[in-house]
Amino acid sequence: MASISDRRYTRRDTVLFILCLGLSIVTLFSPASWGYAIADTLRHTVLAPLVWLQTRAEEGRTSRMRFRTVIAQRDSAAYVAQFLPSLRAENERLRQLLKLSNRLATSYRPAEVLHQPHATDGRTLLLSAGSREGVAPFNPVLAPEGLIGVVLSVTPHSSVAMTWSHPEFRVSAYTVAGNALGVVAPSADVRAAEGSLELRGVPYRDSIPLGTLVLSSGLGGVFPKGIPVGTVTGTVREEAGWERVYRLRAAANPGSAVHVLILVGTRPPDLARAFPSDSQLESMRLDSIARVHRADSIAQAFRAARAARRDSLGRSSPMLGGTPTTSGLPVPRDSTP
Amino acid sequence: MSAQRVSRVQLMLVLLVLLILQFYLRPRIGNARISPDFLLIGLMLFAMRSGPGAGALAGFAVGLIEDTLTPARFGAGLLAHTLVGYFAAWSRAVFFADNTLVNAAFVAIGLWFRDLVVLMTSGTEGPQLVTELTLYSPLQALTTAGFALLVLVTFRSWFSIRLDA
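Chains as they are written, first to last, in the working numbering: chain A, 209 to 545; chain B, 2 to 166.
So here's chain A without its partners, still in its complex pose:
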């Protein structure tokens, strides 16, 4: 038979458990804005040292890799600088093409993604940039491949972004050809593969071929126009002959994103130029190669002209068995080898 103290002990445990359980359930069903407010407050105060610690750890993990990249780029640049200046210019141009940050005409803040070991990591991301860096709610979050999501809440040194895989995420979008407009949302089809999107509300008469790129339309004022959202991979369903829903393969993967860019300040009208298509990249590359060829031919012509001039000077110099100049001016020496 349990003693009085044991019964008290059990009663105290039960009360504590019910209290914690009740608080959890109340929090679970309270408005989302309350949850974000509580999370922001805690992250800014009690958990600030832990977030700071994780930020330092992420920096430490990536800094070694970045250092190696910088060393490799420096060695490559030094090598190229020694031999072929035109190739150096070509490398610089390609590097600029690959860097989204160079292409963005608007101001942005880079941020590191602090992934959590949670099953729902990927729906919301904790970012290492906050209001001190100019980040505000509803700022778009981008990866070099395309749209990641939108900033939900901000503290001075961190922010939380809702990614496209969040059930409440929506973005107005259009096809790159401009023939269809709709709303992109996470896939609600239970048979769909993980991480797929749906383009909803496309009129039945507007057929979209597979492989078509879908971009943000800029409607709504949150996301600028021209950010790649995904590529059409198939049809999900047709609503009684008046609407088609298409499945999209997302352009950017929030689960594997390590660094992102947060657009801050005023929204640019169109970001399509920052995300050139493959064909545009190809034409830019061909244009760049043509420039290199032109530069090489000019350099070759210059070398030939210099060699001819040296031959001419050699023939006219008495030291080399040539005829002296009649002007009496000193003969300029070519210091180049």
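I should point out that these hints are in silico values taken from the structure, not numbers from a laboratory. Fair warning: this is a prediction, and the values are worked out from it, not measured in the lab. Glycine included, C-beta positions come from ideal geometry on N, C-alpha and C. Treat each hint with caution, since some may be false.
Computed spacing ranges between beta-carbons, pair by pair [unchecked claim]: (1) B:18 to A:387: 57 to 67 angstroms; (2) B:13 to A:218: 22 to 32 angstroms; (3) A:278 to B:155: 31 to 41 angstroms; (4) A:418 to B:155: 52 to 62 angstroms; (5) B:127 to A:443: 11 to 21 angstroms; (6) B:127 to A:218: 34 to 44 angstroms; (7) A:230 to B:127: 24 to 34 angstroms; (8) B:127 to A:315: 34 to 44 angstroms; (9) B:155 to A:443: 54 to 64 angstroms; (10) B:143 to A:474: 43 to 53 angstroms; (11) B:140 to A:419: 28 to 38 angstroms; (12) B:136 to A:278: 35 to 45 angstroms.
Got chain A sorted already, so can you dock chain B onto it with the hints?
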């Protein structure tokens, strides 16, 4: 200072180290979805050495930390960790909880159960739920249980206490 008090301090020290590891070591060791969850190890080890009430309270605190950093559905982590903490404390009375391997197995089961509750309460369904519960959660449970085993073997004497005694 009594031996019991020293053991409590030692246990708290290990839990503090686990908290630091969660935020300083885990980001450096690769994929976040399968790397060990040090906070859950700390919760399980604490709960299995204390009463159900303290276990639930510790679970609530851990859940608050998790939800604050991943507020996909605020409250899901609170509920899941409260349940895990409470049942971990009760499980000691049912199983041979002093065995190191049993402790590690409890950690693995606790992590999988935590993921199940979090996924269910946050509205995950279909193939994603199946993938999470059959692939990522078991993998993370394995790595977490492995690290818990390492901690238990290393600090065997420090963990041979009953906090509710």
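To see whether the hints hold, each was checked on the structure:
Taking the beta carbon of each, residue 18 of chain B and residue 387 of chain A are about 59 angstroms apart, inside 57 to 67 angstroms as hinted. Checked against the hint of 22 to 32 angstroms, the pair residue 13 of chain B and residue 218 of chain A passes, with Cβ atoms roughly 25 angstroms apart. Roughly 39 angstroms separates the CB atoms of residue 278 of chain A and residue 155 of chain B, a value that falls within the hinted 31 to 41 angstroms. Remark: the range hint 52 to 62 angstroms for residue 418 of chain A to residue 155 of chain B is upheld by a beta-carbon distance near 56 angstroms.
Taking the beta carbon of each, residue 127 of chain B and residue 443 of chain A are about 18 angstroms apart, inside 11 to 21 angstroms as hinted. Checked against the hint of 34 to 44 angstroms, the C-beta distance between residue 127 of chain B and residue 218 of chain A comes to roughly 41 angstroms, which is consistent with it. Under the hint 24 to 34 angstroms, the C-beta atoms of residue 230 of chain A and residue 127 of chain B, about 30 angstroms apart, fit the expected range. Distance hint check: the CB atoms of residue 127 of chain B and residue 315 of chain A are about 40 angstroms apart, consistent with the given range 34 to 44 angstroms.
Roughly 56 angstroms separates the CB atoms of residue 155 of chain B and residue 443 of chain A, a value that falls within the hinted 54 to 64 angstroms. A C-beta distance of roughly 49 angstroms is found between residue 143 of chain B and residue 474 of chain A, which places it inside the suggested range of 43 to 53 angstroms. Our hint of 28 to 38 angstroms for residue 140 of chain B and residue 419 of chain A holds, since their Cβ atoms are close to 34 angstroms apart. Distance hint check for residue 136 of chain B and residue 278 of chain A: the Cβ-Cβ separation is about 36 angstroms, which falls inside the suggested range of 35 to 45 angstroms.
Violated hints for the displayed structure: none, as all numbered hints are satisfied.
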